[in-house]
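Q: Per our numbering, the sequence shown starts with residue 1, numbered consecutively.
Derived by calculation from the structure, the hints in this document are not laboratory data. In this text, a Cβ means the ideal position worked out from N, Cα and C, and glycines have one as well. Be aware that one or more of the hints could be misleading.
Said to hold, decoys possible - Subject to a maximum C-alpha distance of 27 Å in a straight line, what follows is the list of computed DSSO-like cross-link-like pairs (lysine-lysine):
id: 1; residue 1: Lys359; residue 2: Lys137
id: 2; residue 1: Lys503; residue 2: Lys359
id: 3; residue 1: Lys503; residue 2: Lys660
To be verified - Cβ-Cβ distance ranges computed for the label pairs, FRET-style:
id: 4; residue 1: Arg415; residue 2: Arg32; range: 42 to 52 Å
id: 5; residue 1: Asp501; residue 2: Glu624; range: 14 to 24 Å
id: 6; residue 1: Ser362; residue 2: Glu33; range: 36 to 46 Å
id: 7; residue 1: Asp501; residue 2: Ser362; range: 45 to 55 Å
id: 8; residue 1: Leu73; residue 2: Asp550; range: 52 to 62 Å
id: 9; residue 1: Thr302; residue 2: Leu537; range: 27 to 37 Å
id: 10; residue 1: Arg656; residue 2: His125; range: 49 to 59 Å
id: 11; residue 1: Pro273; residue 2: Thr499; range: 51 to 61 Å
id: 12; residue 1: Ser72; residue 2: Thr302; range: 50 to 60 Å
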Amino acid sequence: MTTDDERPNSTFSESDPVPLEGSAVPMPQDVRELGDADPSRCLVITLYVRPRTDAPSLSEDRAETFADEVLSLEQFEEQFGASDEDIDAVVGFCESVGFDSIEPNAGRCVVHGQGTVEQCSQAFHVTLKRFDCRRGKFFGHHDEVYVPGALEGIIEAVGGLDSFGTLGRIRIEENIKEVELEEPDLPPEALPAAWPEPEDAPSAIVRSEALAWGESQDVPPVASRSTDVDSDTAWRGAEEGDDAPMVCAEASPRYRSEKQSGSDNFGPDYSPPRRSNDEPIPPGYQISFPSKIARLYDFPETLDGSGETIGIISLGGQFHPSDMDTYFRVQGIKPPEIIVEPIGPQYPRVASPPGPPDKTWSDQQIAEYANDLELTLDLQVAGSIAPGAKLVVFRLHPNARQPYLTALTHALHSRNRPSVVSISYGSAEATLASRTMQLANALFARASLMGISICAASGDAGSASRDFDVIRTRPTSPHVNFPASSPYVLACGGTEIETADGKIVSECAWNDLDQCRLATAGGRSRKFERPDYQRDLKLPAMPSQHSDFDGRGLPDVAANASLASGYHTLLGGRWDYSGGTSAAAPLWAALIARINQGLGRRVGFIHPILYRLAGTDAFRDITEGSNGYFKSGIGWDACTGHGVPVGRALFEGVKREMAKRPDRHPKDPPEDTIDIAGQAQQSARLAQQAAHFAQFAISPLSPPRWRWPN
């Protein structure tokens, strides 16, 4: 690190520090202080710098018009990047406090740097401590973060000063603690190439390169990288800024016929044979492949997402390429193209071995397995429904200090240009400072100006939240999750379906609260006001909510999520089944990708269109069931929103609505960009004061349903 004598002269020390309100780490009730953090520990710090302008608020009448004005990446960075003057000022501050490895990026409005705990404590006037609680150990601070008065309003947030927000909330009944994952001090070559395959698993199921049926001439085998090794060293992809991320498998949108596949059983209706190491399907459960669910929802068969890119946010999750190859091919689908874009530092490890976890597994192994299962489910659902789309995994280090803000910033500026992003993580609004969410919401708003649709899981705890230990309320107290509660995010709830003779015979709101305390989440936001597209809805009241606050209702839409009607998953060569609203989010993302393909343009901010189509044949209303506090009913409800999609009718409806919009392309700058900037000043002021996003307690919204053996 830079010594005091080497630091440049600066006026920052002469400037009175000012607090970033709301930047204190929210502490759980049972927190216990363990002492000071190691002063020599090196931290990677990210300072978020204000943009030149900000996206307009949804409360404005022209919100949907703004969404039509699709900006290119260059236009976006020019309009929303930080000024050179602001970047230079923040870099000067980092140099004055002795940070090393300072990396400014004006287009992304960030400045990265590295400093010790001691340097960071002095720079931001915080005392960094070590803590312990039921959810695991972490480091952080009780107090607000301070920045020099000369940089007030310029620095929006500081990330990297705590690890509380990195604790992946794995819940296996009540027995599992969350852990801050330890990084193995091993070079990549020291790790095994792959976990051993189960001894009694047939090669046709486990290893894609050993499939029993032959390859068709018009369906070439996947790239050699996909079959040689499952290790992260072969699949990491490009580092940030590299223009050539590694491709995991060659893309092809074509479905394989039964004749081509060499088996009469392969296809959407295929049922993988259960071996001794596989998870048995309980009696009465109807487990399906995502491609079958797409057929049940009447998705347009002529569309497969070709030409589109689906972004998947992953908190350190890994996957087995052989799993992906096998999973898609047994459905008669050519494996889609998968690209991994690592964000920030990564540590080498292979994907998890076959589960399920038991008492012989360490907390770290269980945490890694849960992250791997989440990513595997997202990829397998999205890839099965939109096999022609490119899947881009935006993978953070599992201990990333500012996970969501970092991931979203990277996704917006990725040269892979995702047209839709799927998010399967979140946390209760009450665990976050309001300005923390305002900063993230501003980023979602900017995404809409690039034509990017954001889909997020509404949550799996019904009308309540698993974060009650931080919220400090009863576990049954109604809460909603962020980022699903953002008015720019399509909140995806869950249902349970029953089928017979290839058709859905009944569908209700997913509610397993009496069995495993899981259900579709929904309710009213206490942080975001009702957006314009919900102005005509009769929204239910939240208990103890002030009558003068008219919060956004969620979810917006729904899809199959129940474990009883769940999805086949393949992880580590082991067939299992899964569900949750984190399956509904990639399902909707894949559907939007198919719609984009059919339209020949990005639908982007799709909410106003979907709400105008509510009550038509584009949706099937779900009128039965509940999620604890709220009940399903006719029309929009806080369990399943407007219901589940009727794919072809929804596409035609969106097509009609989009025909009313001006057909603008990224190469044509909007004529009223200056007006947008002027009208956005009030929203910009909110974002400029946002608290750092590192305190966002990020959590997988579809926890595994494992139980400890008796």
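Q: Hints first: check each against the structure and report whether it holds.
A: Against the structure, the hints:
This hinted pair checks out: Lys359 and Lys137 have alpha carbons roughly 20 Å apart, not beyond 27 Å. For the hint linking Lys503 to Lys359, the alpha-carbon distance of about 41 Å lies beyond 27 Å, and the restraint is violated. Distance check on the hinted pair: Lys503 and Lys660 sit about 34 Å apart at the alpha-carbon level, beyond 27 Å; violated. Between Arg415 and Arg32 the CB atoms are about 45 Å apart, so this pair conforms to the stated range of 42 to 52 Å.
Separated by about 21 Å at the C-beta atoms, Asp501 and Glu624 satisfy the suggested range of 14 to 24 Å. The hinted window of 36 to 46 Å between Ser362 and Glu33 is violated, with their beta carbons roughly 25 Å apart. Checked against the given bound of 45 to 55 Å, the beta carbons of Asp501 and Ser362, roughly 47 Å apart, stay inside it. Taking the beta carbon of each, Leu73 and Asp550 are about 36 Å apart, not inside 52 to 62 Å as hinted.
Our hint of 27 to 37 Å for Thr302 and Leu537 holds, since their Cβ atoms are close to 33 Å apart. Take Arg656 and His125: their Cβ atoms lie about 57 Å apart, and the range 49 to 59 Å holds. Hint check: Pro273 to Thr499, Cβ distance near 21 Å, so the stated range 51 to 61 Å is violated. Restraint check, Ser72 to Thr302: a C-beta distance of roughly 29 Å breaks the suggested window 50 to 60 Å.
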